[in-house]
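Engineer: Sequence:
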Amino acid sequence: MDFIGSHILSIDQFERADIDHIFSVARMMEPYAHRHQVTKVLDGAILGNMFFE
Numbered sequence: 455m456d457f458i459g460s461h462i463l464s465i466d467q468f469e470r471a472d473i474d475h476i477f478s479v480a481r482m483m484e485p486y487a488h489r490h491q492v493t494k495v496l497d498g499a500i501l502g503n504m505f506f507e
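Quick note: the sequence shown uses this note's numbering, first residue 455, plus one each step.
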């Protein structure tokens with residue numbers, strides 16, 4: 455179940471095991487979302503937001 459480089463176009467492209475895996479990873483990342491833990495995954499990265507109106 456490697457989703458690197460994949461695009462989500464429809465829920466129909468997933469099997470039950472894929473969805474279970476996504477929720478499992480989300481549970482592991484929850485402490486980072488609530489700032490109970492700090493991650494350095496983007497340490498040293500340059501992040502830019504662009505929009506066109």
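Just to be clear, a hint being listed does not mean it is correct.
Between beta-carbon pairs, the in silico distance windows are [stated by the list, open to error]:
| # | residue 1 | residue 2 | range |
| --- | --- | --- | --- |
| 1 | 506 | 461 | 30 to 40 Å |
| 2 | 460 | 505 | 31 to 41 Å |
| 3 | 456 | 485 | 18 to 28 Å |
| 4 | 470 | 505 | 28 to 38 Å |
| 5 | 469 | 502 | 32 to 42 Å |
The set of hints was computed from the structure by calculation and includes no laboratory data.
Backbone N, C-alpha and C fix where the C-beta goes; we use that ideal spot for every residue, glycine too.
Engineer: Determine for every hint whether it applies to the structure shown.
Structural biologist: Now for the hints, and whether the structure bears them out:
At about 21 Å, the CB distance of residue 506 to residue 461 disagrees with the hint of 30 to 40 Å. A beta carbon spacing of about 25 Å between residue 460 and residue 505 contradicts the range 31 to 41 Å that was offered as a hint. Between residue 456 and residue 485 the CB atoms are about 24 Å apart, so this pair conforms to the stated range of 18 to 28 Å. Range check, residue 470 to residue 505: about 37 Å between beta-carbon atoms, so the 28 to 38 Å window is met.
Here the CB-CB span from residue 469 to residue 502 is close to 35 Å, well matched to the stated 32 to 42 Å.
In summary, the structure is inconsistent with hints 1, 2 from the numbered list given earlier, while agreeing with the others.
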